[in-house]
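Undergrad: Sequence:
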Amino acid sequence: MTSEPALTDKPEFQALLKEKDRLKNQSIVKLFSEQPNRANELTVAQANIELDYSRHAIDSQGFDALFKIIDPSESHRFATELLDGLKVNFTEKQSALHSLFRNKNSKKTHSIVSEIQKKMAHLVEDIVNGHKKGFTGKAFTDVVNLGIGGSYLGPKLVFESLSNYRNHLDCHFVSNLDPEDLKTTLLTLQPETTLFVVCSKSFKTEETLINARNARNWLMKAGAKDLENNFIAITENTKAAQDFNIPAGNCLLLPKEVAGRYSIWTSAGLTCALGIGWKSFSEFLSGAEAMDSHFKSAAPSRNLPVIMSLLEFWYRNCWNTQVHAILPYSHNLRSLPIHLQQLVMESNGKNALASGEFLEQLTASVIWGTDGINGQHSFYQFLHQGTLLCPIDFILPLSTISRDSDQHSKMVSHCLAQARALMIGRSTHESYNYLLKKGLPEKDSRDLAPHLRMPGNRPSNIISFESLNPTSLGSLLALYEHKTYFSARLWGINPFDQWGVELGKTISENIQAVMFKGEDANQLDPATYRLISKWKKTTLGD
24 MTSEPALTDK PEFQALLKEK DRLKNQSIVK LFSEQPNRAN ELTVAQANIE LDYSRHAIDS
84 QGFDALFKII DPSESHRFAT ELLDGLKVNF TEKQSALHSL FRNKNSKKTH SIVSEIQKKM
144 AHLVEDIVNG HKKGFTGKAF TDVVNLGIGG SYLGPKLVFE SLSNYRNHLD CHFVSNLDPE
204 DLKTTLLTLQ PETTLFVVCS KSFKTEETLI NARNARNWLM KAGAKDLENN FIAITENTKA
264 AQDFNIPAGN CLLLPKEVAG RYSIWTSAGL TCALGIGWKS FSEFLSGAEA MDSHFKSAAP
324 SRNLPVIMSL LEFWYRNCWN TQVHAILPYS HNLRSLPIHL QQLVMESNGK NALASGEFLE
384 QLTASVIWGT DGINGQHSFY QFLHQGTLLC PIDFILPLST ISRDSDQHSK MVSHCLAQAR
444 ALMIGRSTHE SYNYLLKKGL PEKDSRDLAP HLRMPGNRPS NIISFESLNP TSLGSLLALY
504 EHKTYFSARL WGINPFDQWG VELGKTISEN IQAVMFKGED ANQLDPATYR LISKWKKTTL
564 GD
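Note that the sequence shown covers residues 24 to 565 in my numbering.
Keep in mind that the hints were calculated from the coordinates and are not lab data.
Misleading hints may appear alongside valid ones.
27 Å max Cα-Cα, derived DSS-like pairs, lysine-lysine [claimed, not checked]:
(1) Lys248 <-> Lys262
(2) Lys528 <-> Lys560
(3) Lys141 <-> Lys155
(4) Lys142 <-> Lys262
(5) Lys206 <-> Lys155
(6) Lys161 <-> Lys319
(7) Lys466 <-> Lys206
(8) Lys127 <-> Lys156
(9) Lys127 <-> Lys319
(10) Lys33 <-> Lys53
(11) Lys91 <-> Lys43
The following label-pair restraints were derived from C-beta to C-beta distances [stated by the list, open to error]:
(12) Gln430 <-> Glu115: 43 to 51 Å
(13) Asp94 <-> His191: 50 to 58 Å
(14) Ile135 <-> Asn397: 24 to 32 Å
(15) Gln345 <-> Glu35: 41 to 49 Å
(16) Lys53 <-> Gln408: 37 to 45 Å
(17) His191 <-> Thr31: 18 to 26 Å
(18) Thr114 <-> Ser556: 32 to 40 Å
(19) Lys141 <-> Pro270: 33 to 41 Å
(20) Gly372 <-> Thr207: 25 to 33 Å
Just so we're clear, the structure is a prediction, and the values are computed from it rather than from any experiment.
Virtual Cβ for every residue (Gly too), placed ideally from N, Cα, C.
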């Protein structure tokens, strides 16, 4: 993979900045009146997903300048280099294999992927059908996933999202080093019918291993003689897993070429595959594969990940926005914002080009949000009248497979209403007339009207699909993966490493040596050592 020149050095970027200056006071409502077919022209439906990006203060001329930031051949090249297994992870000099786990054709040339999936499918079938049992011979009723980061967020999201597709296995997700997380989870479970899935690529992750040891002790106290029945490891370091006494037959390989936040499609997705069954998990993979194919083949102007990436660049690098909200109008997608928070911020929270030079332009935004209905009663005030511009992705399943279709329809109306309200706003004059109609005296209405004024012109995408099912969920998650990857290529950074995570781990080891082994504290700063001393007095009585 070749490094890309900084976009800010290109004349196309300077032209785009001029478009931003021209459009900075443009009314989105006016754009709809000037472009009668705008709603249709700025909507693309592919791979189970529809993207409506008509609610942005940018016109045809502005979009022309935005798309000139890339060459059409670059779009295809970026996608091909990823999906064909080239070494797009340039700092670690390796491929990013996650998409190959959902690509039927590529599996023929990557036998390791096929081997992992065959073993994974066999395990799922054996456990779901009750052939593989716990240490007393009883079938499993519960699965506890022990992992953190991508080994926790992705599986938890998929299991929650596909609640209507679950089988008899109840899945639980433990990530926190705080002992209360595991303790609370185990309170209602029975050792003989509980399966633990330990997911750690290195099998050295402190939080995960401590929880795994405690889970092992819990089983042993209940009479288990070994871990042959009730433990499975997902790891690259199979030797460490076997040293933990997890048999080789219970170890699934997690390749080093798969970053945690992209790993849900791989063996790291075992827990949610157990919870929804292999058929539904395969449909989940197929949905992602459809998005892969679209990303690789569609022209930039009709390419969902490319369009979303370019709009991100438009706001982040031309408007200098700092935040981006993810607002799913679906209770089952309530964990999507935090999953995307890790995907985007761990992938693209970088400041070094392939050359090693410091990158001066802005990269990843702060990703935040929650499910839309709860958000309306929490932070939407900030979105409507706050002083910070925040682009928004509304995520909208148009129907539900549950029986409460009327209630779901009301939720759809709320999503559309919020997108419209953020776009049109309300003027002081409109606020004044609204207050008069409510019966307020004229002077009170005049005084209060500025407080009801909303600027509007707040940009948003509406990403919709017919219903939340395994296929549409797979497409949705793959869409955001490709958008994140494409943005990284625009900025010239590597979305597959995470060196910034490592320094804190190393320092934590140094601090623990001081706390527990009495090593010299001179290497630490005074503020850190003061709190260690306070911890000793509080915990140890020193």
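Undergrad: Does each hint fit the structure? Answer for all of them.
TA: Now for the hints, and whether the structure bears them out:
1. Lys248 <-> Lys262: 21 Å, holds
2. Lys528 <-> Lys560: Satisfied, since the Cα-Cα distance of roughly 25 Å is no more than 27 Å.
3. Lys141 <-> Lys155: 16 Å, holds
4. Lys142 <-> Lys262: 18 Å, holds
5. Lys206 <-> Lys155: This hinted pair holds, its Cα atoms lying about 25 Å apart.
6. Lys161 <-> Lys319: This hinted pair is violated, its Cα atoms lying about 47 Å apart.
7. Lys466 <-> Lys206: 60 Å, violated
8. Lys127 <-> Lys156: 31 Å, violated
9. Lys127 <-> Lys319: Cα-Cα ~15 Å, so holds.
10. Lys33 <-> Lys53: 31 Å, violated
11. Lys91 <-> Lys43: Between Lys91 and Lys43 the Cα gap is close to 14 Å, so the pair holds against 27 Å.
12. Gln430 <-> Glu115: 43 to 51 Å: Because 48 Å falls inside the window, the suggested range holds.
13. Asp94 <-> His191: 50 to 58 Å: Holds - the Cβ-Cβ distance for Asp94 and His191, about 52 Å, lies within 50 to 58 Å.
14. Ile135 <-> Asn397: 24 to 32 Å: Violated - the Cβ-Cβ distance for Ile135 and Asn397, about 42 Å, lies outside 24 to 32 Å.
15. Gln345 <-> Glu35: 41 to 49 Å: 24 Å, violated
16. Lys53 <-> Gln408: 37 to 45 Å: 21 Å, violated
17. His191 <-> Thr31: 18 to 26 Å: 55 Å, violated
18. Thr114 <-> Ser556: 32 to 40 Å: Once the Cβ atoms are compared, 39 Å apart, the range 32 to 40 Å for Ser556 and Thr114 holds.
19. Lys141 <-> Pro270: 33 to 41 Å: 18 Å, violated
20. Gly372 <-> Thr207: 25 to 33 Å: This hint holds: roughly 31 Å between Cβ atoms.
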